[in-house]
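Engineer: Each chain is listed here by its residues.
Protein chains: 2
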Amino acid sequence: MPSSHGGDKPDETLDVVGIGNAIVDVFAQADDSLLDKNGLIKGTMALIDADRARALYAQMGQAVEVSGGSVANSMAGVASLGGRAAYIGKVAADQLGEVFSHDLRTVGVAFDTRPLVGGAPTARCLVMVTSDAQRTLNTFLGACIELGPNDIDEALIKRSKVTYLEGYLWDPPAAKEAFLKASRIAQKAGRKTALSLSDPFCVQRHRTEFLELVERHVDILFANEHEICALYQVERLEDAMAAVRGRCEVAAITLSDKGSVVLVGDETFAIAVEPVSRVLDTTGAGDLYAAGFLYGYARGRAPGHCGRLGAICAAEVISHYGARPECALDELVARKLRD
Amino acid sequence: MPSSHGGDKPDETLDVVGIGNAIVDVFAQADDSLLDKNGLIKGTMALIDADRARALYAQMGQAVEVSGGSVANSMAGVASLGGRAAYIGKVAADQLGEVFSHDLRTVGVAFDTRPLVGGAPTARCLVMVTSDAQRTLNTFLGACIELGPNDIDEALIKRSKVTYLEGYLWDPPAAKEAFLKASRIAQKAGRKTALSLSDPFCVQRHRTEFLELVERHVDILFANEHEICALYQVERLEDAMAAVRGRCEVAAITLSDKGSVVLVGDETFAIAVEPVSRVLDTTGAGDLYAAGFLYGYARGRAPGHCGRLGAICAAEVISHYGARPECALDELVARKLRD
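Protein chains in written order, with the numbering used here: chain A, 1 to 339; chain S, 1001 to 1339.
One thing to keep in mind: the hints can contain errors.
Said to hold, decoys possible - What follows is a list of derived Cβ distance ranges for each label pair: (1) A/G148 x S/V1117: 29 to 39 Å; (2) S/A1334 x A/D112: 47 to 57 Å; (3) A/A189 x S/D1051: 33 to 43 Å; (4) A/D257 x S/A1272: 38 to 48 Å.
Unchecked claim - Listing some non-contacts, in silico: residues in chain S with all C-beta distances to chain A over 10 Å: (5) A1076; (6) P1121; (7) S1256; (8) V1273; (9) D1339.
As the list claims (entries may be wrong) - Covered stretches of chain S, as calculated for chain A (at least 3 residues, CB under 8 Å): (10) 1061-1068; (11) 1085-1096.
Simulated from the structure, these hints should not be mistaken for laboratory data. Ideal Cβ positions, reconstructed from N, Cα and C, are used throughout, including at glycine.
All chains, please: the whole structure from these sequences, using the hints.
Structural biologist: Structure representation (structure tokens):
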């Protein structure tokens, strides 16, 4: 059983440290009329303030609370694969913050960012699930707004093979400075920086900065087809591939139920989708793909193998509700690779 | 969409007002070894203090938070049946208290008990789910300890056809006074009092008081086979039936997957179990049986019909995870009674 502060030991090399928005998800079933009445666009993520969060929550049905946050989900995945993972993100010193911290530490992810005291509450994402199984997300960033450069533990970044960041960090104002600080520390220490583009709307919000980021700071880029096309303002996958090739060491582009392609230098690795008997909930597919890929990368695996690990982890998470693995991924991978 | 304070209107008659321990459930998968290490008895509910709650939570895996509380689950059921329901219970003025309040009000249950400020946090029940689908419960009563006679809204009791209480209320010290106050108000107003025996261990803890209660205050008694046998210290169902008959107006005894028997005066009504294609999680079966029964009773239905309503509601809640209905029970009942 891991200790309550995760499995971190100060003198050991970590596989991945993730930096992201620390969020608790609030899931409820919803009718289309609720979305319409509130001007929500189905299947998208919108940022909302505290008042709007209160107003939407009051209209939602009975709900279930589950820890989320894209990079936090990925770190839970790395730990489940047997990797050494840490997380940096800002919760408040409140009950949802305790829930978030518990759920990471108990799976073995080191998480020691100081919680915010006396400010905004822990962030939450209101997830409305309509009968067509689509999810419409409304995120109140709360305490995440306060994540800043002072929260970046230099020693932690230095001893992590990869520092992994989410594009969503560009939404709260101070987090991008934290992001850049972390990336510079990693670069100077000869470590790698990875980035997920997070969401096509997030790409639209921060496109110019993301382009520069990919060019100057990012070694490993994760994006789905929509995100990479939004970044380069092209319509076809091949044009996006042409645009991103050579901009960073590795670009892994996920293609939903059609697998993924991994670009390394002049080479392109096509990764088949991992078959699943039943897709229950696609939430977390990208997060767990990144988990598998990064774990493989940190352990020196070839790009094709990294992609395969990503595909296996993504397949596990879409076969049940929720965005974090429900079985021991190290055992699952061992079984799959043996087959 | 109901208002954020439920569907209560001060001048209307209510079907049921429920009084209970207001609890948020924290579910996580667990190994048998976790139970053994902590001396937990599988399938039972134990009361724990704050320190023990912290220690157990730290050892639990990633969890899901869902509003619970036996009588609160029942009130959600009554509202879903189209009944007018209210709830009295003590949460703290904290995030889990907000979650609990939201989840009741949004389904139309009036809930206006003043939350506790500056004391213990909202109660939680740590639910460890082992691979054999058994649930082992550890309840930290938190703010529930402060529920007392002052929380009993006299007007609310007077205008409710039935006041429904849980045996678990005998665990926090002041709640029993609240219980007795409510029961006396109901009696004086010509209203009915219903009681659930809650749990065989709860019966053992408070047996003498429960016997007197049934004799003097309770009109409608809910118990399962184990609870009623524990109350009368007998081993066979028929002996318990003989012991309880005539002690209160109605005794509804649930027999798990073998249906239920309802005793009214000299008559015994046998209620068949409602068939379900798949039992996923039996949590809440008793709570929803009571919901269906009480709704029927408040609407003047015959005992056999009340039992059938209970069976239909219980069947719904065991066909999915969680202890509250996931579909509109009024529509489900209309469909079932038509078939």
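Engineer: The structure should be examined with respect to each hint, and the outcome stated for every one.
Structural biologist: These are the hints, each one checked on the structure:
1. Range check, A/G148 to S/V1117: about 32 Å between beta-carbon atoms, so the 29 to 39 Å window is met.
2. Distance hint check: the CB atoms of S/A1334 and A/D112 are about 55 Å apart, consistent with the given range 47 to 57 Å.
3. The hint said 33 to 43 Å for the Cβ distance between A/A189 and S/D1051, and at roughly 41 Å that hint holds.
4. Separated by about 45 Å at the C-beta atoms, A/D257 and S/A1272 satisfy the suggested range of 38 to 48 Å.
5. Against chain A, the non-interface label of S/A1076 is violated: not every CB pair exceeds 10 Å, the least being about 7 Å.
6. Annotated as non-interface, S/P1121 brings its C-beta within 10 Å of a C-beta of chain A; the closest such distance is 7 Å.
7. At roughly 26 Å from the closest C-beta of chain A, the C-beta of S/S1256 stays outside 10 Å, upholding its exclusion from the interface.
8. Against the 10 Å criterion, S/V1273 stays outside the reach of chain A, whose nearest CB is about 26 Å from its own CB.
9. Distance check for S/D1339 against chain A: the nearest CB is about 23 Å away, which clears 10 Å, and the non-interface claim stands.
10. Using a Cβ-Cβ cut-off of 8 Å, 7 residues of the segment 1061-1068 of chain S lie near chain A, which meets the minimum of three, so the contact claim holds.
11. With 3 residues carrying a beta carbon less than 8 Å from a beta carbon of chain A, the segment 1085-1096 of chain S meets the three-residue requirement, and the given coverage holds.
Going down the numbered hints, you'll see the structure goes against 5, 6, while the others check out.
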